[in-house]
Amino acid sequence: MLEGIALSKEFQSENGRKNRVRAVDDVDIRIDDGETLALIGESGCGKSTLGRILLNLITPSRGEVFFDGRNLATMAPSELRALRWKFQIVSQHPDSALNPRWTVADSILEPFRIHSRMTQGRDLRQELERLIGLVGLEPEQAARYPHQLSGGELQRAVIARAISLDPSFIVCDEPTSMLDVSIQASIIRLLQDRQKEIGCGCLFITHDLELAKIMGDRVAVMLGGRIVEEGEDILKDPAHPFTQRIISPCTGDGYPAPAAAYGSTGDGCPFLPSCPSRNGQCHAPQVMREYRNRKVRCHMVS
Amino acid sequence: MDAIINVNRLSVHFPLAATTIRAVDGIDLAVEAHETLAIIGESGSGKSILGTAILNLLPPTCTVSGTISYRGADLLSLTEKELEKIRGIRIAWVPQNPASSLNPSMRVGDQIGEILTRQANSDKESVRQKVLDLLEKFRVLPPEERFLEYPHSFSGGMLQRALVAMGVSGRPEVIIADEPTKGIDVINKGSVSAVFRTVREQGITLIVITHDLSFAHDLADRIVVMYNGRIVEIADSSRFFARPLHPYSAGLLRSLPENGLTPIPGKTQELDACDTGCRFRFRCTGATERCNNEPPLIRLGSGDCVRCWDHA
Chain A
1 MLEGIALSKE
11 FQSENGRKNR
21 VRAVDDVDIR
31 IDDGETLALI
41 GESGCGKSTL
51 GRILLNLITP
61 SRGEVFFDGR
71 NLATMAPSEL
81 RALRWKFQIV
91 SQHPDSALNP
101 RWTVADSILE
111 PFRIHSRMTQ
121 GRDLRQELER
131 LIGLVGLEPE
141 QAARYPHQLS
151 GGELQRAVIA
161 RAISLDPSFI
171 VCDEPTSMLD
181 VSIQASIIRL
191 LQDRQKEIGC
201 GCLFITHDLE
211 LAKIMGDRVA
221 VMLGGRIVEE
231 GEDILKDPAH
241 PFTQRIISPC
251 TGDGYPAPAA
261 AYGSTGDGCP
271 FLPSCPSRNG
281 QCHAPQVMRE
291 YRNRKVRCHM
301 VS
Chain B
1 MDAIINVNRL
11 SVHFPLAATT
21 IRAVDGIDLA
31 VEAHETLAII
41 GESGSGKSIL
51 GTAILNLLPP
61 TCTVSGTISY
71 RGADLLSLTE
81 KELEKIRGIR
91 IAWVPQNPAS
101 SLNPSMRVGD
111 QIGEILTRQA
121 NSDKESVRQK
131 VLDLLEKFRV
141 LPPEERFLEY
151 PHSFSGGMLQ
161 RALVAMGVSG
171 RPEVIIADEP
181 TKGIDVINKG
191 SVSAVFRTVR
201 EQGITLIVIT
211 HDLSFAHDLA
221 DRIVVMYNGR
231 IVEIADSSRF
241 FARPLHPYSA
251 GLLRSLPENG
261 LTPIPGKTQE
271 LDACDTGCRF
281 RFRCTGATER
291 CNNEPPLIRL
301 GSGDCVRCWD
311 HA
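The listed protein sequences correspond, in order, to chains A and B. The opening residue of the first sequence carries number 1 in this note's numbering; numbering runs sequentially from there. The opening residue of the second sequence carries number 1 in this note's numbering; numbering runs sequentially from there.
Hints are computed from structural coordinates only; laboratory data are not their basis. One should not assume that every hint holds.
Each computed DSSO-like pair below joins lysine-lysine, with the alpha-carbon atoms no more than 30 Å apart [claimed, not checked]:
#, chain 1, residue 1, chain 2, residue 2
1, A, LYS196, A, LYS86
2, A, LYS236, B, LYS182
3, A, LYS295, A, LYS196
4, A, LYS213, A, LYS196
5, B, LYS182, A, LYS213
6, A, LYS236, A, LYS213
7, B, LYS81, A, LYS196
8, A, LYS213, B, LYS267
Isolated chain A, as found in the complex:
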């Protein structure tokens, strides 16, 4: 089980203090073993940063990540290294996820070399055969270099690498946004099957609402670095005005508010500039509240 408490991340540009971006802002998140949390939001809302914080690839500015009750921030580097194989990522761009100068087979087997102490005695050739069989690659494709494979084939290789050591937790960061619909269907099916087999937790980051509905046991909606709504059926019956807006993208003329409108609301609600039912109270910090079967960050929902 993976849990993040009060996570925040600020990025600051090197020249001058003015350009400070709060990419993740006071987020509580919890993903149980075998469970999938679908995280949706616009480009730039902080969903990838949140995923990387959970994997301990980015250190949060504030807040802590717990894995099975152990705080990752207070672990010794050696302890952390021994735990690393349990967290994996499948990224959006399969073409940059693999080393271009290694064969695909070398990349798939890299975890075995890194965690050699743990995997001692395993026959790498057999492991490779098992893994490429699981993800549906041909042996001759594994012998090639990344530039010789298509996007869908590469993503299969990336998945093979991610599941090679039976991880406890996988972040899938828009794994199919660069793929065709027909390829997307087979990759999603593959991810579902392998996850069920391994029983690992999964954070599925996407901006495709239909995929979020299919993949997520729960869905969390992110805006301006904050989770604004989280629960089981929130896309069918949204409570937060922003969730209501994204499930009906054809309202109005379809153009978004000017980009500057987001993220400039200080502590207030990030949806304030575009919210149809805003009022004076929206300028105050919004707290996450339980509401029926979900959590919502909006003072109007109670």
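Let chain A serve as the given structure and place chain B on it in line with the hints.
For chain B alone, coordinates are given in the frame of chain A:
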């Protein structure tokens, strides 16, 4: 309706050492004036090659046969000089991947104005004003600030809108857009659709190359489905999404998350040059003996076309 672009027996082949890639193979297509046509199909189906062929921007390594006529001229046999008067001015191209299509070291406003500065009697101030109007129209806001910025400070959706503004700047008759929604999130996709609706309302003929089916549904009058270098179906958009005729089209729709996320079995095969069967037969559940001979593109009573013996 009059055809504005007529593609006739177009083939684009890439000869390699051992084999020949038939990227586009014997395509006939009439694009009608003022319509919005979506060309859909998977990567490698030849849809982008068809788009680049219309602008005669194909790489020199390929062999081309057939004709593409536009207003009485064959675009494939015009000289570079004659093409310069058409490209970007009569027929504009909105390329894939906006982030790498713009010059990173040139201000966005200046790039959008490039076509305008090349036109006769254009002074700096009138070009600037026209560009500002375009930015305003396509919601690249605030225009005065965005004009002076460089591409890296734009978001993906905004870059795509700026590229469309650039495409429209020369007041073309036809716009060809290659994968305009690739990698753009749902919320910003609404704005890209809106931009193209604005373009359509100006009476511009629009050819959208995409594999985003919901975007095609949103926008197109007609759908052209390509598979493995061939057109397999040409359909009225509303009929297509309700009742696709070709097995590949039906498979595509079934692989959408909202329709059950069922993948099409197998994968696209590189076919031998002497193979004369239907190119989808190895993945088709309804394939029979007769599919070893490829059906022609069969014209139906409604004017739609489909390349499948089931509809002969």
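Starting from the hint list further up, note which numbers the structure goes against and sort them upward. 7
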